[in-house]
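Using the sequences and the accompanying hints, generate a full structural model.
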Amino acid sequence: MSSPTPNVYVISGASRGIGFAITSILAQRDNVLIFAGARDLKSTQLNELALKSGGKVVPVKLESTSVEDAAALAKVVEEKAGKVDYVLAVAGISQSTDPIAQVPLDDVRRHFEVNTIGPLVLFQSLLALLTKSSAPHFIVVSTIAGSIASMPQFLFPVSSYAISKTAVNSAVVRIAVEHPDLDAFVCHPGVVSSDMIKEYVAKTGTALSDFESMGMITPEESAASLVKLFDGAKKETHSGKFFNVDGTFLPW
0 MSSPTPNVYV
10 ISGASRGIGF
20 AITSILAQRD
30 NVLIFAGARD
40 LKSTQLNELA
50 LKSGGKVVPV
60 KLESTSVEDA
70 AALAKVVEEK
80 AGKVDYVLAV
90 AGISQSTDPI
100 AQVPLDDVRR
110 HFEVNTIGPL
120 VLFQSLLALL
130 TKSSAPHFIV
140 VSTIAGSIAS
150 MPQFLFPVSS
160 YAISKTAVNS
170 AVVRIAVEHP
180 DLDAFVCHPG
190 VVSSDMIKEY
200 VAKTGTALSD
210 FESMGMITPE
220 ESAASLVKLF
230 DGAKKETHSG
240 KFFNVDGTFL
250 PW
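Using numbering that gives the first Met the number 0, the first residue of the sequence shown is number 0, and each one after it goes up by one.
Please keep in mind that the hints were generated in silico from the structure rather than gathered at the bench.
Using N, Cα and C, we set each Cβ at its ideal position, and we do this for glycine too.
Be aware that a few hints might be false.
Derived Cβ-Cβ restraints for the label pairs, each shown as a range [said to hold, decoys possible]: (1) GLN27 / ASP105: 37 to 43 Å; (2) GLY53 / MET150: 41 to 47 Å; (3) ASN30 / GLU112: 20 to 26 Å.
So, in structure tokens, the structure goes:
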């Protein structure tokens, strides 16, 4: 008897932080094939995970803004799997600490390239393979900082990051509207003790306790909750919506 067709995942930003933690959790499962996108394929931890996975994790070069990388990724997935069940767009940057009045415009453009256009590049490149899945999902790890309704409570000066995430939220809703056979949604991973926050603290002198008071969790804790959210996702209940890491709805 032939083994069942594996669940096929494509994950961007898989070499570190939340992306790596998600990849690690999924790699423990039977009957999965994970294409782990990474800007740098020299990542020791990702290569070690791939080796231990027995072929379930396939590292693939993926720079978020590269149309060429995304096209090459799609070709590899087509050859090895013939479909994609889950596209998880996790890669993103938050490098600006400037208030809106002083933020350099090139900085804004860079954040849009990675955080907004990057997931769109991934979607366009993999759409044909998503349509070959019986239950396709396109999921972007966004942030509550991109929630327009929540911005008055989010006082950290991360203008480029926030507005680029608001834009990707909109893009994913457009995907959901225009592709009703696809489950497309965005989610907030929680306040995570990631390299992103650590770099922000080091750059601005902000007290880490400011983030800890917001209920900060580890990348592994975030990933465990996100994977649970992904597992339960259905187009009828999830598509076109904004979820918190705990599975509750967030306002746009």
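Evaluation of the provided hints:
no., hint, in the structure
1, GLN27 / ASP105: 37 to 43 Å, "41 Å, holds"
2, GLY53 / MET150: 41 to 47 Å, "45 Å, holds"
3, ASN30 / GLU112: 20 to 26 Å, "36 Å, violated"
In this structure, the one hint that does not hold is number 3.
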